Amino acid sequence: MIEVKDLHKTYFMGKIKVPALRGVSFSVKDGEFLAIMGPSGSGKSTLMHLMGCLDYPTAGEYWIDGKEISSISDDRLAEIRNQKIGFVFQQFNLLSRTTILQNVEIPLIYRGVSLRKRRQLAREALEKVGLGHRLTHKPNEISGGQKQRVAIARALVNNPAILLADEPTGNLDSKTGQEILEIFNDLNRQGHTIVLVTHEKEIAEYSRRIIELRDGIILKDEVVV
Amino acid sequence: MILETLRIALRSMASNKLRTFLSMLGIIIGVAAVIAIVSIGTGARGEVTSQIANLGSNTININPGTQRGEGGRISRPYTDIFTLELGENIQNFSPAVQAIVPVGQGTALLISGSSNIRATVVGTAPDYQAINDYFPERGRFLLVEDLDVNSNVIILGSEVAGDLFGEEDPLGKKVRMNFGNRTHIFNVAGVMQEKSIGLAGNFNTQVYIPITTYMQKVANTRYVDSYIAQADSSTDAKIAVGQIEYFLTRSLGSSDKFRLTSQDQILEVIDQVTNTLNIMLGGIAGISLLVGGIGIMNIMLVSVTERTREIGIRKALGAKRRHIMRQFLIEALSLGGIGGVVGIGFGRLGAGVIAHFGGWALVISTVSVLLAFGFSLLVGLFFGIYPAYKASRLDPVKALSYE
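Heads up: the sequence lines are chains A and B, in that order.
Take the first sequence: its position 185, counted from the start at 1, is 185 in the numbering used here, and no numbers get skipped.
Take the second sequence: its position 334, counted from the start at 1, is 334 in the numbering used here, and no numbers get skipped.
Some hints could be false.
To be verified - For lysine-lysine, the following BS3-like pairs were computed, each having C-alpha atoms within a straight-line distance of at most 25 Å:
no.	chain 1	residue 1	chain 2	residue 2
1	B	195	A	138
2	A	67	A	117
3	B	174	B	195
4	A	17	B	17
5	A	5	A	220
6	B	217	B	238
7	B	398	A	84
8	A	138	A	29
9	A	17	A	5
10	A	128	A	84
11	A	117	A	128
12	B	398	A	15
What the hints assert, rightly or not - Counterexamples of contact, computed for chain A against chain B with all Cβ distances above 12 Å:
no.	residue
13	62
14	63
15	74
16	141
17	174
18	219
Just so you know, these hints were derived from the structure itself, not from any lab.
Note that the coordinates shown come from a computational prediction; the quantities given were computed from them, not determined experimentally.
Every residue, glycine too, gets a C-beta built ideally from N, C-alpha and C.
Isolated chain B, as found in the complex (with noise of 0.2 Å):
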């Protein structure tokens, strides 16, 4: 019986193909966006995530606060607060942070015979390495003693490796490098493995050299630019951003001399971002399949009008309301469920398309295809309720002798 009237709409859908095809093409586009957004929204997610973890996992970024401008002077970062001590403080402080290396950070211009070539010069710890998750790839790199002794050795990112020696080996080569109007000696020691480019930026075109080294001979200053803490958990980095405010505020005197800034407080603002735009796309994906819903009815409703007389001819053969009416709710439903595949197939396209630009892997996830196809069967239901009621109380006599 539900096998026949199912054959009756397809039938009758066929018949008239292109009719069928426009009046579902308000649900193709919103199921299509469903799924297209559901997609890409988790692609642009996993890709965001990828570069934060890129910054290494469970780091909290200490970094000086930003001075009032008052009384002529410029508005500027403190310059003058962050020390070794303090950083080594804050590790002895905080049980929560694991490790913590302090960062200097300067540019500088690297010669290497004909070669040179402009590079940013960070002046850090040995645990740089870990906290980062980013290694050499020969040689080595910093060690406790270079910074014990201030020794000059640095320690080359892959591009600028390659740049300076090209396909030589530059292991125990010396660079000069250009530091202000100073001229130093370096003995390379390692080169860093190649590190995708993420939200931390380009690692590949650095140089490490012992922080201080970087203090004391190059930089001439007592304060480091910032410290990179790393805590086990995601939930001790929490606890450990509460540890080093408490701690620096009290040191410090004030929590307006520094900033911090951990992976979840980023991964918290791009939620948002990503959840406002979601809300605004799904909004959009909904009214589409609203408007889907009122096309499927105007056309079911033409459709009942236009067979009057074979209800009327059923209904004599001895169909009951119910019979009439499950016939056009069947052929709506199947209106809004082929329109959902078909949605489905262009959302996916769709999805394929932008994740190819995006450079992001393809995720069609089974539940957003399940959702949209419910949601376009509901709206067939839902809409073709009107007609298929309709149609069902229409008066035998009256249908029969419509022309």
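Okay, chain A solo, but in the shape it has when bound (with noise of 0.2 Å):
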């Protein structure tokens, strides 16, 4: 369960003020499949940025399963993004030194799970999204979907109550895109919380549910039928 109240960000460039979010209110409620649209500079990033627990709001209350983060320490931030939350990237950010099941143990390192149970956990996740037999490959030796599935795993393996995709097909041609959105609709009818924030139509629509921002305030928030 997440509930965003009347969130405000704003930077300052030197001494200006750009105010990036206005005033965002809304909640997600668990087992969603949440779509949140807008052109760049429409402070979709930033949005995504404080549900992720990357940053802190200027103003407002960030609330994630009865918690709410807008006065807590760097450090239980950080536990927060291990446990709570699954990040999937425009850029795949996979280590590229390390092997792809090492890449997928890592929000487990943090999280205190001993070696082997590690290696059993990382291993399971990587069966869900199909890539069982790579384990020991290098991030470049594996192509863009495998590389976002890879990531999905990673995300998935500590079982977070969201899991939030920042354009996730972006660096990746339709047909392979369409098998990432459809990896997402499979977890989402497994019952994980899903929020994937784009600036395509077409991609938002593969959710329930589309909030759609333009310069820092919500225009829509839509059920798609």
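Put the two chains together into one complex, using the hints given.
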């Protein structure tokens, strides 16, 4: 359960105030598949950073699983990112020098899971996205679609409350992109809460609900038919 | 967790081997310097100490002082104050002196058959052998009876014996000695063992005759050149120096007329010299460790910048500040530690080469190895703190969007 209450975020470029979010409120129930849509500069990246607990809001409240994060410490925030949030990025953001299995293990390392348990959980997550046979490859030895599957496995491995995907198909051809979106669809059907951030309407339409942002405020919040 | 981090650090170091090596170079040189300096210092000191032991143990040399040159006289050592009786009186006065022998020496030409050789003639007494830890290999050394009757016996140093007699047995043979413009005939009574050449000079090119014979028949003098006294222990030797000093000042009327040299004094001077050297070389080692540390800091800062995105990813996946801090600290520690190990290797090599040329045994003390290794870890840790801190404070949003 996620609740966003009158969230503001203002950046300072020197002395000039740049408002990125100007009071955004909505809530996401467990098991929802939500898309946040808007052109660049609409504030959707800022909103994603706040929802991903990567940043603090200037004003307003952000509740995730019954906790309000705008006043907790940096390290507590790291814990929440580790346990409640799974990130999938446009650029995949895999560590290039480590194997696929080790990439998926990273969130478990920071959670303090033992090596054997880690191996097992990471392998299971990779099997879920159909990559159980590529464990010892390095990221530069696999295709873009496979990289994004690794990233999804990594996001899932700690069984987070919410999966945050920022333009997950932006670096993929349309066929591979659809495969990835199908995976999200499957995961949602299995009960995972998914928030998809995109600027493309067709992609947003894979979800069940679209929030459209423009100039830091919500334009529309509607259910996809 | 720690092992995992260490693996990450080693992998990142291995991925850029040349840069890693260059950044460790300062540490390597510093540590190598420490190891080599300590080893060379120990080796050289051991060598010098054994040379001093070569002088005989706990001995005190009593030499005449030097007169000042006044009124047209040239400054030269006193030659008319040391008598045989004075030597005996020193021993009678000073309980710390266990033995004392007079020494009179000059150069002579020794002739046997068709061979001749110039050698140092040492007139002395039987205790000379014990004081110098130097004994005959064949025959005998001087006896008290020889001194009593001014007998013409001669004991040859090993080199002199070889030069004069070759393979022949010199015992019982006669040797002619040209001293000044007179010739004396001596009977060879013994040949000394070979003694390694040390600070005391080469004993093997000397010959030994009774001091009484030397004074009355050869050199025609009532005086001896010097005395060598011996004490039972190094503590006694210090006491003996005080007692002799007191006695001689009293009986000669001035402390300018004699000069005492004990092994302790020589050791002290040598210690001072080696200490000064050690401080200087230690300073050099310290500076190179400092420079090495700055090298590590530099490369760590570059590494943090290069891996900003990795830091962002790790933070997004739940790394706390201390996780990032630990990762980079372990990397800096590994740089220092590996640099230290390589440096210890190089230092050992350098010390080995120098020990080879210096002719002493290679000594690498465990303490110096541990100290050097500890220092390189410490340097890595200290100079890794700032880069690691900087990495741990990176804003995840900015770090993730870093290209």
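Status of each hint after checking the structure:
1. B:195 - A:138: violated, 71 Å
2. A:67 - A:117: Since the Cα atoms of residue 67 of chain A and residue 117 of chain A sit roughly 28 Å apart, the hinted pair is violated (cutoff 25 Å).
3. B:174 - B:195: holds, 24 Å
4. A:17 - B:17: Violated, at roughly 46 Å.
5. A:5 - A:220: Answer holds: residue 5 of chain A to residue 220 of chain A is near 16 Å, not above 25 Å.
6. B:217 - B:238: Violated, at roughly 36 Å.
7. B:398 - A:84: holds, 21 Å
8. A:138 - A:29: Violated: residue 138 of chain A and residue 29 of chain A sit about 37 Å apart, past 25 Å.
9. A:17 - A:5: Judged against 25 Å, a Cα distance of about 22 Å means the pair holds.
10. A:128 - A:84: holds, 19 Å
11. A:117 - A:128: Roughly 17 Å separates the two Cα atoms, so the pair holds.
12. B:398 - A:15: This hinted pair holds, its Cα atoms lying about 19 Å apart.
13. 62: holds, 15 Å
14. 63: holds, 19 Å
15. 74: violated, 6 Å
16. 141: holds, 16 Å
17. 174: Check passes; 25 Å lies beyond 12 Å.
18. 219: holds, 24 Å
Checked against the numbered hints given earlier, this structure breaks hints 1, 2, 4, 6, 8 and 15; the rest are met.
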